[in-house]
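Make the full structure from the sequences, and use the hints.
Going down the list, the sequences are from chains E and S.
Just so you know, the first sequence maps onto residues 36 to 328 in the working numbering.
Just so you know, the second sequence maps onto residues 36 to 328 in the working numbering.
Just so you know, the hints here were simulated from the structure itself, not pulled from any lab data.
Treat each hint with caution, since some may be false.
Which copy? The list can't say, so a pair holds if one copy fits it or any two copies do.
[To be verified] In silico BS3-like links for lysine-lysine, alpha-carbon gap of 30 Å or less:
id : residue 1 : residue 2
1  : 47        : 308
2  : 308       : 261
3  : 47        : 321
4  : 114       : 176
5  : 308       : 176
6  : 47        : 234
7  : 204       : 114
8  : 261       : 149
9  : 204       : 149
10 : 114       : 250
11 : 114       : 201
12 : 279       : 204
13 : 181       : 308
14 : 114       : 149
Residues per chain are reported as follows:
There are 2 protein chains.
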Amino acid sequence: MDDATQIINSFKALQDDICAGLENLDGATFREDLWERPGGGGGRTRIIMGNVIEKGGVNFSAVEGTMPENIAAALGLGKNEFLATGVSIVLHPVNPFVPIIHMNVRYFETNTGKWWFGGGIDLTPHYIIDEDAQFFHQQLKRVCDKHDQTYYPKFKQWADDYFYVKHRKETRGIGGIFFDRLAGESKGPYGEFVLDVGKTFLPTYLELANRNMNKAYTEDHLEWQKVRRGRYVEFNLVWDRGTKFGLDTDGRIESILMSLPPQANWIYEHSPKQGSEERRTLDLLKKGINWAT
Amino acid sequence: MDDATQIINSFKALQDDICAGLENLDGATFREDLWERPGGGGGRTRIIMGNVIEKGGVNFSAVEGTMPENIAAALGLGKNEFLATGVSIVLHPVNPFVPIIHMNVRYFETNTGKWWFGGGIDLTPHYIIDEDAQFFHQQLKRVCDKHDQTYYPKFKQWADDYFYVKHRKETRGIGGIFFDRLAGESKGPYGEFVLDVGKTFLPTYLELANRNMNKAYTEDHLEWQKVRRGRYVEFNLVWDRGTKFGLDTDGRIESILMSLPPQANWIYEHSPKQGSEERRTLDLLKKGINWAT
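Structure (structure tokens):
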């Protein structure tokens, strides 16, 4: 993981492995759209509309070119040639007891020698199931601890702060890990860590899906799922910096907005009853919960 | 319309008249929530979930207090006491041949003597019907021309520019009129104009609803309606300054987001067939169309 080509190829292989694993779970196959960016580079957008995953995207891209001045300024850089590559995933499941999951791993470099890695995985259950939440965070802690004991607590808090629906005063879900501008002496160890995060995604999601995808559900459960998806839309369109960056830089809209759910509902003053499962979930959508232990 | 109390009372009466007219159309009644703002003032949020209007809000508010410094700076003002009052409406109809409509009239003043009016009405048909589009714009032109011959062309272009879903390169609908910071020697004539715009809303919407609310529709029409509602969500959460202002200033969330539809769908790479009614509508979602003549 020392040069850009190697990183790009690892990300492509990661996309392939994840898509194969998800197709095996779901039974349906991904549709692939190859696209090129007028300014340089392109991507492979893969979308599934399946039996377990109602709508999901597993996208790879590697774009390069001259950075727009406002973006360069926002990143604290001069006018530069840049390369940005990554894999981004959002899966909206059919069954409301299967959580929404998001993953991103990314690498950025300029021709003046600046580089960094970023990424994360976070989980948005429609219904929080404690054992699943614990399993999810333990998986993330394990991969973090393998590389650096300081990573998990730091990146867990970063996720709590980042995936926050500020206007609702609630977290998007149960968080996970989030990190950006990870860099140091040499790329090697950071690249290995990021790739390891990427490789944790598939077994973690498969376990959560297999645990819950055959559970029975009612119309009420589906209604709540659509309300929670509405909050997901609110976070992504109002607060998510990645989405904003994509929309501001004239990115490929259908690839950026693949994160939006197939259906979302807004119900005025929707407020789950005291003592209900929905209320319990809502009450747990806050920062600082130690899920791993 | 010379002092704030008079303006506030006119806006309240406008809300009452519009709600009464819409209840008469729909058969259902509005639910009312009275709320107070911790910093000063409050509002009357009225929501209908009816037979013709699937979800609609007709809100009045009059808030006052000390302006947060960042907002004062954004408005080019010093630190001030302020009063902001207005009526805001968004209606999402059941029948896909009835358009989504939005109206806002507002008045703003500070204790240092600055004041202005703003507002507008714009229409978002799921299916553009030429006669309806013409009728709608003629209604707006008529009320504008009554006050100032320069208003309609100026405010029509302003609406084209404002209600633009930039990342989709399409207008939200067929536009209408939009204006802000309307001020001059004395409040009288501006207040009269804004109130006249408000009074145009009800007969215009009733005519459009009556023309179309009993038309037969299919599942395909409903699907397209949900896709267009998705674009409405994208505009409101990504681009609308009013929504952003509300979310940034810790406004009453359920009143601000009443503009979001009961249900919205996102379908990857949804592209209506050449020659279809949906394609025709999409092709007409652009700036600069002269609908009034």
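Worksheet item: Given a CA cutoff of 30 Å, do residue 47 and residue 308 count as a within-copy pair, a between-copy pair, both, or neither?
Response: The answer is neither: 46 Å in one copy and 33 Å across copies each exceed 30 Å.
Worksheet item: With identical chains treated as interchangeable, where does the CA-CA distance between residue 114 and residue 250 reach 30 Å or less: within a copy, between copies, both, or neither?
Response: neither (53 Å within a copy, 57 Å between copies)
Practice prompt. Classify it for me, residue 204 with residue 149: is the Cα-Cα distance of at most 30 Å met within a copy, between copies, both or neither?
Written response: Neither. Shortest intra-copy (36 Å) and inter-copy (34 Å) distances fail the 30 Å Cα cut-off.
Discussion item. If the cut is 30 Å between Cα atoms, do residue 181 and residue 308 qualify within a copy, between copies, both or neither?
Written reply: Neither. Shortest intra-copy (42 Å) and inter-copy (52 Å) distances fail the 30 Å Cα cut-off.
Discussion item. Please sort residue 261 with residue 149 into within, between, both or neither, judging by C-alpha distance up to 30 Å.
Written reply: Close neither inside one copy (42 Å) nor across copies (44 Å); limit 30 Å.
Discussion item. Please sort residue 114 with residue 176 into within, between, both or neither, judging by C-alpha distance up to 30 Å.
Written reply: For residue 114 and residue 176, the Cα distance exceeds 30 Å both inside one copy (38 Å) and across copies (48 Å).
Item to complete: Pop the pair residue 114 and residue 149 into one bin, within, between, both or neither, using alpha-carbon distances up to 30 Å.
Response: within (12 Å within a copy, 42 Å between copies)
Practice prompt. Tell me, please, which holds for residue 114 and residue 201 at an alpha-carbon limit of 30 Å: within, between, both or neither?
Written response: The answer is between: 25 Å across copies meets 30 Å, while 33 Å in one copy does not.
Worksheet entry | Alpha-carbon proximity context of residue 47 and residue 321, limit 30 Å | Intra 35 Å, inter 38 Å, cutoff 30 Å: neither.
Practice prompt. Up to 30 Å between alpha-carbons, please classify residue 279 paired with residue 204: within, between, both or neither.
Written response: both (20 Å within a copy, 16 Å between copies)
Worksheet entry | Copy assignment of residue 308 with residue 261, given that the CA separation must stay at most 30 Å | Close inside one copy (17 Å) and across copies (28 Å); limit 30 Å.
Practice prompt. Measure nothing new, just compare the shortest in-copy and cross-copy C-alpha distances for residue 308 and residue 176 to 30 Å and report within, between, both or neither.
Written response: neither (34 Å within a copy, 49 Å between copies)
Checked against the numbered hints above, the structure breaks hints 1, 3, 4, 5, 8, 9, 10 and 13 and satisfies the rest.
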